[in-house]
Amino acid sequence: MPLKLVFLGRLEDVAGAPDREVAGADSIEGVLAALEPELAAALREPRIRLAVNGVLLAGGDAPALSHGDEIAFLPPVSGG
Amino acid sequence: MPLKLVFLGRLEDVAGAPDREVAGADSIEGVLAALEPELAAALREPRIRLAVNGVLLAGGDAPALSHGDEIAFLPPVSGG
Amino acid sequence: MDAGASDVRLLTESFDPAAALGAFTDAHRAAGGVVGFIGQVRAGDGVEALELRHYDPITLPAMCDLAGRVRARWALDGLLIVHRTGVMHPGDPIVLVAAAARHRRDAFAAADFAMDHLKSESWFWKREKAHGAWRWIEPRAEDFEDIRRWG
Amino acid sequence: MDAGASDVRLLTESFDPAAALGAFTDAHRAAGGVVGFIGQVRAGDGVEALELRHYDPITLPAMCDLAGRVRARWALDGLLIVHRTGVMHPGDPIVLVAAAARHRRDAFAAADFAMDHLKSESWFWKREKAHGAWRWIEPRAEDFEDIRRWG
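Chains as they are written, first to last, in our numbering: chain H, 1 to 80; chain X, 1 to 80; chain A, 1 to 151; chain B, 1 to 151.
The set of hints was computed from the structure by calculation and includes no laboratory data. Warning: the hint list may mix true and false statements.
Stated by the list, open to error - Partial chain A-side listing against chain X, Cβ under 7 angstroms, derived:
(1) Arg-71
(2) Trp-125
(3) Pro-139
(4) Asp-143
Predicted, not measured: the structure shown is a model, and the values here were computed from it. The beta-carbon is built from N, C-alpha and C at its ideal position, and this holds for glycine as well.
Chain H on its own, in the form it takes in the complex (with noise of 0.2 angstroms):
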């Protein structure tokens, strides 16, 4: 049951690409907990949005992770 992640700006540097297929999680939690210490802590700055198949979270959302969804870890946008 794997997962997408994709790295948008300066956390695409902290991850060393810009996206990496994982094992399977229930939740976005099991997620980071399953990943290397310092990109689970850029992962987890407050000011990171997170969207799944496109759709942005709202703070305090925790859905629940299927079979080949993607997780998309998006820092302060820099502006067109």
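Given the coordinates of chain H, work out where chains X, A and B should sit on it, guided by the hints.
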């Protein structure tokens, strides 16, 4: 000692032509006095600005005229 | 062309505003942004033709004076003002104003100011042809309201 | 193209903003005026390249949403938003916003609003290359000040 009169905007319709050569006169008042009354009245309207040889007159200016002077009558502009 | 100079043109023939704006943008590569305004004869109003008349000794010098005031008021890399005179038809370009600036806000304000002043103060007399008859256009109150915004 | 629809494009390759603006102007002959903003990579700042990254599922939908808000706020005949993504070099166009309106003031305000919101809210992440090294750019306080003007 002819003068050239230039009629802008709707003054052209009143004068029947965009410009006209007239016999010399010492002053603008002298020029106006020699014109047909309807045209002179239109040129005397307070919103009409005057320019002599491309220089706008300020209210109250009464320049002496010389041979070949060009006097332009400028109604309010209607915008670009 | 000196990149810092203003480019002011009064044209008796039609022009291509997009091409002129493209050349202006290419000439100001150090500017982050270019704001352009293109004014054209509106189609579909029943106006068959529009004529702008100007007075040579005054019209272009006043446009150059306006360009100088715009340059003094905002930090621009370049300013372009192109204005038609003569007879035009629906869809024909009348005016192009373009301002290039390091900061977007300056370019917007400069183009906006230049247009307001061209519309209300520049030395053009306009007439329109509709149903085969020409009619001189009087100044519009709206143009004077626009210009009052700038203090 | 429906003359009343908005045209919103996210491009991975370079484009010709003047040609796009010309086609847009030609398509809106009933509009009296078109305001265009062209943003380009500034030359002469020591920046060798600029990269914008976007996120497919969100970036273009949010641009379309912005276009809808602009259309709801001003009476426009047409709205065009073109934005680059990917690697660009000095002088390359980044963005074109164009608004066609019957009234000049609406076109200026709509283009200005769209640019302020694209700059501060759109889903792009930017990095710059200088002296051979890439560096991610953080949001600028100035962009948030611009957006606050609109209430």
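- Task: Against the structure, test the hints numbered earlier, and report the numbers of the ones violated in rising order.
- Result: The structure conflicts with hint 1 only, although it agrees with all the remaining ones.
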